[in-house]
Each structure stands twice: as structure tokens, then as C-alpha cells.
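Enquirer: The primary structure of each chain is shown beneath.
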Amino acid sequence: MKFTKKNDLYLLLVVILLVLVMIVINAYPKKGINGAEVYLKGEKILQITKEGTYSIKNDEGELLMNVEYIDQKVRVTDSSCPLKVCENTGWVENPNQPIICIPNEIIVKPLGTEDDTGIDIYTW
Amino acid sequence: MVKRTKTISHIAILTALASAIYYVESFLPMPVSVPGARWGFSNFPLLLSVVSGISVTNTLYIALLKTLLGSILSGRFLSPMFWMGLGGSLASALSMSISFKFTNKFGILGISEIGAFFSNAVQLIIASLFIVKSPNIFWYFPYMLFFGILTAFINATIVNYILRSVNLDRFKS
Chain R
1 MKFTKKNDLY LLLVVILLVL VMIVINAYPK KGINGAEVYL KGEKILQITK
51 EGTYSIKNDE GELLMNVEYI DQKVRVTDSS CPLKVCENTG WVENPNQPII
101 CIPNEIIVKP LGTEDDTGID IYTW
Chain B
1 MVKRTKTISH IAILTALASA IYYVESFLPM PVSVPGARWG FSNFPLLLSV
51 VSGISVTNTL YIALLKTLLG SILSGRFLSP MFWMGLGGSL ASALSMSISF
101 KFTNKFGILG ISEIGAFFSN AVQLIIASLF IVKSPNIFWY FPYMLFFGIL
151 TAFINATIVN YILRSVNLDR FKS
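In order, the protein sequences belong to chains R and B. Okay, so the first sequence: first residue is 1 according to the UniProt record's numbering, each after it adds one. Okay, so the second sequence: first residue is 1 according to the UniProt record's numbering, each after it adds one.
Mixed in with the good hints there might be a few duds.
[Stated by the list, open to error] With a straight-line Cα cutoff of 27 Å, these simulated BS3-like cross-link-like pairs (lysine-lysine) come out:
hint	chain 1	residue 1	chain 2	residue 2
1	B	K6	R	K2
2	R	K50	B	K133
3	R	K41	B	K133
4	B	K101	R	K2
These are calculated hints, taken from the structure and not from any lab test.
The task is simple: from the sequences and hints, build the whole structure.
Expert: This is the structure:
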């Protein structure tokens with residue numbers, strides 16, 4: 001069994017190209033946001049339009065996370081999940097980038113100032 | 001009978017190795033914040049089992065068992081991350097076996113890359129369909145894919161060194 005064959009390098013090039021193209025597409029709509037929507041398990045539970053800090057609670061009233069929206073940027077602070085991926089995502093000002101917390105099944109989706117174009121790219 | 005015993009021991013050893021790595025891996029921090037992503041070093045026993053030529057069913061057993069045992073050990077059993085990991089490792093086992101058995105075009109690195117690609121793709125599909133119920137999670141696909149490439153390279157290197165020093169024909173079923 002050989003470590004690499006010629007096809008492996010082609011495969012690697014194709015995948016790297018795919019990654020670069022998708023990163024460029026992701027970075028394209030760099031506009032400020034004018035609010036955010038919070039989804040819990042696929043259902044919309046909160047619409048954020050004013051600046052401030054919002055607490056997200058589940059049906060039992062347990063605190064899951066705090067969402068901060070200031071200066072056309074949104075971020076998550078104080079999440080109850082173990083790995084804190086959503087906190088480490090930091091400030092988000094790209095309307096296509098959601099903040100996702102897998103353990104709590106929460107999406108914080110920023111709302112763009114323009115029409116939401118490019119969503120078709122993600123559903124393939 | 002001897003053959004069967006050999007197969008069982010092969011599965012048991014690789015499963016033990018993979019679930020131990022799965023557990024230890026959960027302590028490693030991820031350098032970027034991608035939801036639900038892990039390093040994925042526990043896929044190297046899968047790759048080893050694919051390239052050492054044991055059957056597709058046995059490879060799928062290893063994939064299933066390592067996710068079950070590893071997630072019970074690390075306390076993620078039946079959590080959303082468990083389902084993503086299960087789908088990912090089954091998909092990578094299947095795609096690696098198919099690319100090894102039915103095409104003779106890829107080396108160890110290529111098979112590893114194919115496994116990483118399908119693992120990441122299926123994980124995100126599962127997450128977007130059942131967990132967060134939104135296609136927006138595909139925003140993170142290129143970043144996961146990038147780490148998949150790195151991990152696949154490391155896994156392939158490990159397997160390459162193992163194949164050089166261990167005579168795996170003795171374990172073949």
C-alpha cells in the first residue's frame with residue numbers, strides 16, 4: 001500500500017480549492033447587521049432589534065446564554081454549554097454567519113441590512 | 001475458527017484504541033470555534049482497518065462501537081454531538097471502504113482525505129437537518145474541511161508508520 005498516488009494530490013488540490021472558494025463566498029457580504037433572531041431547537045423565540053443584552057432561557061426557565069447586541073455587532077456571553085464554542089466565536093457582523101451552540105441547540109442568526117442573498121449556496 | 005478469532009481480536013483491539021483516543025481527544029482544545037467539531041484522530045484505527053483489508057461490515061462495527069464506547073466514556077452519550085459523531089464516523093468508514101475496495105486509484109493519504117470529507121459533510125447535514133434545523137450551519141463547512149485535511153494527513157502518516165513496522169497480513173481475515 002503506497003502512501004500517496006498521483007490521484008491523491010489531485011484530490012487534495014480539488015478539496016483545497018473548494019475550501020478557498022467557499023471561504024471567499026462566505027467573506028463576501030461584509031456589511032453591518034441591524035438585528036438578530038434567536039432560534040431554539042428550530043423555533044424562533046426572540047427577535048433582537050434594539051441594542052442591549054438579552055437572556056435566553058429554555059421552557060423550564062433555566063438560563064442558557066446571554067446575547068449581546070451593540071454597535072451592529074452581536075455576540076454570545078455566559079453560555080451554559082461545556083465547550084463554549086459560541087462564546088469563542090466572538091463578535092459577529094457578517095449577516096451570513098450564524099452563532100451556533102450545538103449542546104443547547106441554539107442559533108443566533110444576524111439579520112443583514114441587505115436582502116439575504118447567497119443562501120442557496122448553503123443548501124447544496 | 002482460527003480466522004474468526006483473529007477477526008474478533010482485530011475488531012476488539014482497534015475499537016479499544018479508537019475509543020480511548022476518542023475520549024482523550026475531548027480534552028484537546030480546538031484552535032478555531034466551529035460548532036460540534038473535533039480533531040478526529042480516532043479515525044486512524046478506522047483507516048488502519050480499511051487499508052489492512054478487513055471487510056466493510058467489520059469496519060462499520062469498529063466505527064459504531066468506537067462512537068458508542070467513546071461517547072459513554074466522555075459523557076456525551078445520546079447528546080447532539082454523539083449523533084453528529086456517529087453519522088460522521090459511519091460515513092467515513094463506508095466511503096473509505098468503497099474507495100479502497102472498488103477503485104485502485106488512491107493511496108493511504110487519498111483514502112484518508114475522502115473519509116475526512118464525507119465525515120465532515122455528513123456531520124453538517126445531520127446537524128442542519130435534526131439538531132439546529134437550519135442550513136446556515138454550512139457557513140462553517142470550509143473551516144471544518146480545512147481541519148479535516150490536516151487531521152487526515154496526520155492520520156495517514158500514523159497509519160503509514162504502523163504499516164511499515166507491523167506485519168498486518170497476520171491479522172487479515
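Enquirer: Quick one: which hint numbers does this structure break? Sort them smallest to largest.
Expert: none
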